[in-house]
Structures are given as C-alpha cells and as structure tokens.
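Following the hints, put chain X in place on chain U, whose structure we already have.
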Amino acid sequence: MADEALFQFLHNEVIQYVNSAESGDTENGRCVSKLENMGFRVGQGLVERFTKDTARFKDELDVMKFICKDFWTCVFKKQIDNLRTNHQGIYVLQDNKFRLLNQLSAGKQYLDHAPKYLAFTCGLVRGGLSNLGVKSIVTAEVSVMPACKFQVMIQKM
Amino acid sequence: MSRQSNRSTDSKKMNSELFTLTYGALVTQLCKDYENDEEVNKQLEKMGYNIGVRLIEDFLARSSVGRCQDFRETADVIAKVAFKMYLGITPSVTNWSPAGDEFSLILESNPLVDFVELPDNHSTLIYSNLLCGVLRGALEMVQMAVDVRFAQDTLRGDNVTEIRMKFIKRIEENLPAGDE
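Residue numbers (this note's numbering), protein chains in the order written: chain U, 1 to 157; chain X, 1 to 180.
If you're looking for bench data, these hints aren't it; they were derived computationally from the structure.
Check each hint, because a few of them may be wrong.
[Unchecked claim] Listed below are the simulated DSBU-like cross-link pairs for lysine-lysine, each with C-alpha atoms no more than 30 Å apart in a straight line: (1) U:Lys-77 to X:Lys-42; (2) X:Lys-32 to U:Lys-135; (3) X:Lys-166 to X:Lys-80; (4) U:Lys-116 to U:Lys-135; (5) U:Lys-135 to U:Lys-58; (6) X:Lys-84 to U:Lys-97; (7) X:Lys-46 to U:Lys-116; (8) U:Lys-77 to X:Lys-169; (9) U:Lys-78 to X:Lys-84; (10) U:Lys-116 to X:Lys-32; (11) U:Lys-97 to U:Lys-77; (12) X:Lys-42 to U:Lys-116; (13) X:Lys-84 to U:Lys-69; (14) U:Lys-52 to X:Lys-84.
[Said to hold, decoys possible] Take a look, some chain X residues computed to stay more than 12 Å from chain U by CB distance: (15) Ser-97; (16) Arg-156; (17) Glu-162; (18) Arg-164; (19) Lys-166; (20) Phe-167.
Where is the CB? At the ideal position from N, CA and C, for every residue including glycine.
Only chain U is shown next, with the shape it has when bound in the complex:
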C-alpha cells in the first residue's frame, strides 16, 4: 500500500512539470489535454485491475454507478456525493469535497488554478469508462472550492 501524501505530491509535481514546459494562455489548453491524456492511460489500467473479478455491467447507468462508488472509493476513498443524469447520455458527478482540491484554499484565491488540478481526474474517468466500453467526453467545473462537478457526455459509438 502506498501512502496518500505520496500520490498528492506526485500529482502536484506532474502538474508543475507539464505547466513549466508550456507557457502563455494558448498553451493552457495544451497543458490540460496533456494531463488529461496521462489520466486516461492511468484510468484504463486501474479499471482493468478493479473489475477483473466483478460481474458484467448491465447497462450504461450500471457502469456510471460503478465509477461513482467503487472506482471513486478506490482512488479518492469516498463516494461521489451526487449523481444526476438527463437519461440522454449526460451525467453530472458531484464531489463536495474533492481530495485533490482539498489542499488548496477554500476561497476564491486559487479558483483559476483549479482546472489544472482536475484535468488528470477527468482523464481517469474517461479512461475508466473507455475500458468499460463507454466512449465519453469528461469535463470538470468548480464554482466553490473544494467542491467540483464532473460532466460526462456519453458519445454514441
């Protein structure tokens, strides 16, 4: 078992590295997509390991529930607080106390840095879903730290 502090420091260091390589506003998007891609790869690997002994999922909603409960618990040691869907392929996962934002100030002070800290996790979710046969686009938004919402848009194959 690794320690959680270790992952958080590593995660910060990864963000730091990706950002130092790019500079300027135009590059901001590129940073986020680089982090997202790293997360995607990690998400794929994680889901493979978590699901090797579980039963097959019934449907899309079942997969989403798995992400909200088991996957989130394994990675962030809590469940998603709220899952909403419009039943047309859009899901909103709300985490009221997101672990990777928890270290930052809870006010508005670092709000514009928040996207960097969410990109990797968006990739995690997308990678996880992709290995469960669900193609998606995952975006994140923060209005009040440390709560955040991940929006998952399912892409029809």
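For chain X alone, kept in the frame of chain U given last:
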C-alpha cells in the same frame, strides 16, 4: 476532540496501483519530451527533490521521529519508518563503509516498477530515479547533504535493487542576524 485524533493512519493508505500507474504515465511523458535518458533521469531526480522537500514535513509531523544522532540512525529511520510509511516496504540496510558515511538500501521489491518492462532503447534510463531525489531533498531539509544513486536495478537485470547513499556534510544552519 482534536482533528489529529479522528484521523487514523489507516485512512491515509490508498491504492498503490494509482501511484504506480501515475508514475508510469509521468515517465512515459518524460521519455516523449526528452531526447535522451540522461535528461529524463535528471528531471526525475529534480521532481523527486521537490517532493522530498515537502514530504519531510509530512513525515516528521506523522512519525514523531526526533533528530538523528548519527548517520546509522538516519539509515534505520529511512528504511524502517519512512519506506514503510510511504511505500509499505522495508529495505535492508547493508554495506556500511568503514568510515560509517556510506550505506546501501536493498529493496526486495520496488512498488514503482510493478508493471514495468524497459524497452531495449532505454537501457540507460534509471526508472525509479525519483526516489533518489526524494531522499536527497528530504535529508537536505534536516541539515544533511547526501549523495544518492542507484547502484543496481532489477529492471536492468540485476538481482536486487540497491540504492547507495553517501553522507557528504552537515549543512550549517544560518541564523538570521540578531536571532541568537
């Protein structure tokens, strides 16, 4: 009820695969970004240093380890307390130099390399070099300048993974003027 008491050490434990895979993703990205392995090794060491500088705070706060009297005690704390706390392994401390300023940490298993195979064209990559940086950064914060490097690595076909640590000097604390 203090905040400290309701945080069990167990809640600090997490899935180590996440850490291992994330580290793998980072090394992969570095290999893409840099031409040669030397450069990647250097970057990993640098990142490890940044982590170590912060990690020592977390470590001292949670382990209640005091100041070490000598380098031998330092070695013991690193192997038995720190490695156990953060990676869940206990390396053995061996190969002391006669002067007592150099030793080796032998890692039976290295959690960082759980799912790793080095391709042939990366023979000079020191995959876990982050660890060297972490050790160097952490010890620097407790006034010890040390030299840390990998002497052997199972990824490159050695039998064990060996981290060699050499004590260089004690860093003098510079008191601010008038703060005697």
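A quick look at each hint next to the structure:
no., hint, in the structure
1, U:Lys-77 to X:Lys-42, "violated, 33 Å"
2, X:Lys-32 to U:Lys-135, "holds, 26 Å"
3, X:Lys-166 to X:Lys-80, "holds, 18 Å"
4, U:Lys-116 to U:Lys-135, "holds, 23 Å"
5, U:Lys-135 to U:Lys-58, "holds, 16 Å"
6, X:Lys-84 to U:Lys-97, "holds, 28 Å"
7, X:Lys-46 to U:Lys-116, "holds, 21 Å"
8, U:Lys-77 to X:Lys-169, "violated, 42 Å"
9, U:Lys-78 to X:Lys-84, "holds, 24 Å"
10, U:Lys-116 to X:Lys-32, "holds, 21 Å"
11, U:Lys-97 to U:Lys-77, "holds, 11 Å"
12, X:Lys-42 to U:Lys-116, "holds, 24 Å"
13, X:Lys-84 to U:Lys-69, "holds, 29 Å"
14, U:Lys-52 to X:Lys-84, "holds, 28 Å"
15, Ser-97, "holds, 30 Å"
16, Arg-156, "holds, 23 Å"
17, Glu-162, "holds, 21 Å"
18, Arg-164, "holds, 22 Å"
19, Lys-166, "holds, 24 Å"
20, Phe-167, "holds, 25 Å"
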